[in-house]
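Enquirer: Please model the complete structure; the sequences and the hints are all you need to start from.
Protein chains in written order, with my numbering: chain A, 790 to 846; chain B, 663 to 1088.
These are computed hints drawn from the structure, not numbers from a lab.
Built from N, CA and C at the ideal position, the CB exists for glycine as well.
Possibly wrong hints are sitting among the right ones.
Where chain A lies over chain B, by a calculated footprint (3+ residues, C-beta under 8 Å) [what the hints assert, rightly or not]:
#1 718-725
#2 806-820
#3 899-912
#4 1072-1086
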Amino acid sequence: MFSYQLRRTWNKMAYTRTGQPVASMAEMLDKVQHMDNAIGYIDRRVEDESIYYFNAH
Amino acid sequence: MNQFITLMLTNIFIVFLLSFSVCAQEISSELIMAPSTQEENNLWEGVKKTWRDDIQFHGFLSQGLFSSSGNNIYGQSKDSVSADSTEMGLNVSYQALKNLSFAVQGLYRRAGANTGDAGEVTLDFAFFDLNFLNLQEGRIGVRGGRIKNPWGLYNETRDVAFTHPTILLPLAYFERSRTLFLALDGGQLYADYNTSVGDFSFKFNYGWVNADDKELLTAIINDPTAPGHLESDPSFVTQLNYEILGGEYVFALSYAELKMRYQAENMGDPYAQMQTDIDTFMVSGQYNGEYFSFTGEYSLQWNEFTDIRFGVPDSSPVSEHWYVQAGYRLLDNLQATLRYDSTVQDKNDRYGKGVEAATGGMIPGHLFYAQDIVFGLRWDITPSWMVRAEYHRMHGAATISLLDNPDLTQIAKDWNIYALQVAFRF
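Expert: Structure follows, in structure tokens:
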């Protein structure tokens, strides 16, 4: 999936209000931790004990 | 802000496949995945929320500059430059309960003579959303209030510049039918179903559309002096949408039945009995690759205009709209778009020759068709700011506003549009 596809989904949610896009960094971390199979983008500068970093090239 | 997207996927295998392409794409981002436990299988369980997460604001604004030869578009653009195209929207949503939310969006819009210099403020949507079922595999619910119509790929977000590649939408979404298709007051049933072979989304809107549009009425009765207005009878708009790989392939089938009748202002109004029925479908397909995007939509529209006035025969023209569009991402934030677009108002009189002959040339034939070749460039400067420019080579003038072009004898058949737009969102 390409980043512009994610933007497309996000735009549709935010401007039709047919979904609640994730609103904050804390909420994103929380959702990814508590939902099965969830993926999410965060800023790489965020430091949190709950984040495990790995490389996938 | 645009990074904050959560995607729920049922198939862990697909998630892993995706994770590699995500990492390849977004070097500045890291993928985070947390191990899940049995207790956390309920989707929303354990999600702590602060009140800030329950209330969300989003907005957008855009300003266009148009210059044209031959005909006016969005103001006095002919051999000049018009800035009479502005759009501004603000919405707020409130997640009251786990399965109940409310949302409202207001829209300010200036679009040439159609809205006047001061522009107009409208309630774009306002609805409650009650969710009966919310699982990883899908969800089912209802919405009630004023709801956007799921029509083709672009109608629900047609006023949000960021959501479509060109400044002017394809001809199928032309200005004159904007009000009619935009939203309806009533209810919506929605159902999403996510499978390992793609995501299905179904919407069914039922209610009253906004038929009170002067341009639409004038186009039907050819009389700008009619004192009454059009009113909607119960109508519906429905769409089945199918997306593979989170939108790499998008397919949609939309169908609508819109019913209207003329509401007379006074006794003896000659149009008092007039009724209009529109049955129409649109098929849509889109491919979104790493560099290329291809989009095509085809629509047929059966119009029934009955009892227009004494002595005027009923008419039932069939309109046809279609386009093919190719996009190429020169850079991650720079996209070029090329489109061939066609609309005819009456398939049985493609070039309006019949109307032209019947009116002794008073109404030119080229008001009944348009072909448009578009070339556009879009630059997403930041996730919040975007600027784009485009050129249209027009043959035919079916989509022009007669309020911006009141003199029928002056309407050009072959003309050009140059447009520039700046847009912001949050």
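Enquirer: Decide, hint by hint, whether the structure agrees.
Expert: Hint by hint, here is what the structure shows:
Under the rule that three or more residues need a Cβ within less than 8 Å of chain A, the assignment of the region 718-725 of chain B holds, with 3 such residues. Counting residues of the region 806-820 of chain B whose CB falls under 8 Å from any CB of chain A gives 3; the rule of at least 3 is met. Residues of the region 899-912 of chain B lying with their CB closer than 8 Å to a CB of chain A number 4, which satisfies the three-residue condition for coverage. With 0 residues having a Cβ less than 8 Å from any Cβ of chain A, the region 1072-1086 of chain B misses the three-residue criterion, and the hint is violated.
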